Amino acid sequence: MKIIGVNGIHNWSKSNNSFTDKILARLSLEYDVVDVEYPRMLAILGWLPWSVNRRAKMVAEAITGPDDVIIAHSFGCLATLRAMQLYGARVRKVIFFAAAAEVDEPIPDGFQVLYNIHSSSDLALKLGCVLPLHSFGKMGHSGALTDNPNVVNVDAAGHDHDD
133 MKIIGVNGIH NWSKSNNSFT DKILARLSLE YDVVDVEYPR MLAILGWLPW SVNRRAKMVA
193 EAITGPDDVI IAHSFGCLAT LRAMQLYGAR VRKVIFFAAA AEVDEPIPDG FQVLYNIHSS
253 SDLALKLGCV LPLHSFGKMG HSGALTDNPN VVNVDAAGHD HDD
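In my numbering, each residue carries its 1-based index in the sequence shown increased by 132.
Check each hint, because a few of them may be wrong.
[Claimed, not checked] Across the chosen pairs, the derived CB separations fall in these ranges: (1) Ser-253 to Tyr-219: 29 to 35 Å; (2) Leu-277 to Arg-172: 29 to 35 Å; (3) Pro-171 to Asn-282: 27 to 33 Å; (4) Leu-177 to Asp-287: 29 to 35 Å; (5) Asp-294 to Trp-179: 19 to 25 Å; (6) Thr-196 to Lys-154: 32 to 38 Å; (7) Pro-240 to Thr-196: 18 to 24 Å; (8) Met-133 to Asn-282: 15 to 21 Å; (9) Ile-176 to Pro-198: 33 to 39 Å.
[Claimed, not checked] No more than 27 Å apart at the CA atoms, straight line, and that leaves these computed lysine-lysine pairs for DSS-like: (10) Lys-189 to Lys-134; (11) Lys-154 to Lys-270; (12) Lys-225 to Lys-189; (13) Lys-270 to Lys-189; (14) Lys-134 to Lys-154; (15) Lys-154 to Lys-225; (16) Lys-225 to Lys-134; (17) Lys-154 to Lys-189; (18) Lys-270 to Lys-225.
To be clear, the hints were calculated from the coordinates, so they are not data collected in a lab.
Note that the structure is a prediction, hence the values are computed from the model and not measured.
Glycine included, every Cβ here is placed at the ideal spot set by N, Cα and C.
All chains, full assembly: derive it from the sequences and hints.
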């Protein structure tokens, strides 16, 4: 089993010191951890299909087997969903923090459980849905709307995007 970490938009704002990086660093003391280090990009590129799909392919290629676990934040959740949709990525568990995907984004099978940790206090996702050329969804703000019984929405009310 490996833990696959998928950061958010990975721009220049927080370098390699995001809370996702801190979680992965701590987990690496006990587990085999792979940090998917896709190229830095401007947030404006996050809505372009080729840009998302390029990062999705990197996520799919990082997976070594069906017992792996994915921990993803923000845009990394969208890249992970695309890896599942386009490349058939299969893992044991998925943990999403502040998913920047549409609330009704199709979530294919390919995991035992997906925890979607969301918060109505997430200002970044709330604003990201209304700003022009920054059209990210609010799955991490409002929860996932899905009939998939393996998706568990976890309300983290009061927490912001990077908490």
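The hints, checked one at a time:
Between Ser-253 and Tyr-219 the CB atoms are about 33 Å apart, so this pair conforms to the stated range of 29 to 35 Å. The supplied range of 29 to 35 Å is met by Leu-277 and Arg-172, whose beta-carbon atoms lie about 31 Å from each other. The beta-carbon spacing between Pro-171 and Asn-282, approximately 31 Å, falls within the hinted interval of 27 to 33 Å. At about 30 Å, the CB distance of Leu-177 to Asp-287 agrees with the hint of 29 to 35 Å.
For the pair Asp-294 and Trp-179, the supplied restraint of 19 to 25 Å holds, since their beta-carbon distance comes to about 20 Å. Range check, Thr-196 to Lys-154: about 23 Å between beta-carbon atoms, so the 32 to 38 Å window is missed. A hinted range of 18 to 24 Å holds for the C-beta pair Pro-240 and Thr-196, which are about 19 Å apart. Checked against the hint of 15 to 21 Å, the pair Met-133 and Asn-282 passes, with Cβ atoms roughly 18 Å apart.
Against the hinted window of 33 to 39 Å, the Cβ-Cβ separation of Ile-176 and Pro-198 comes to about 35 Å, which satisfies the hint. Between Lys-189 and Lys-134, the direct Cα distance comes to roughly 17 Å. Compliance with the 27 Å bound is thereby established for this hinted pair. A C-alpha spacing of about 24 Å is found between Lys-154 and Lys-270, which places the hinted pair at or below 27 Å, so the restraint holds. For a cut-off of 27 Å, the pair hint linking Lys-225 to Lys-189 stands: about 18 Å separates their Cα positions.
Proximity of Lys-270 to Lys-189 is assessed by CA-CA distance (about 23 Å); at most 27 Å being required, the pair is judged to hold. This hinted pair checks out: Lys-134 and Lys-154 have alpha carbons roughly 17 Å apart, not beyond 27 Å. The straight-line distance between the Cα atoms of Lys-154 and Lys-225 is roughly 20 Å, inside the 27 Å bound, and the hint therefore holds. For the hint pairing Lys-225 with Lys-134, the CA-to-CA distance comes to about 11 Å; that is within 27 Å, so the pair holds.
At roughly 24 Å between alpha-carbon atoms, Lys-154 and Lys-189 fall within 27 Å of each other, so this suggested pair holds. Annotation: proposed proximity of Lys-270 to Lys-225 holds, straight-line Cα distance about 21 Å (limit 27 Å).
This entry does not satisfy hint 6, going by the numbered hints stated previously; all others are met.
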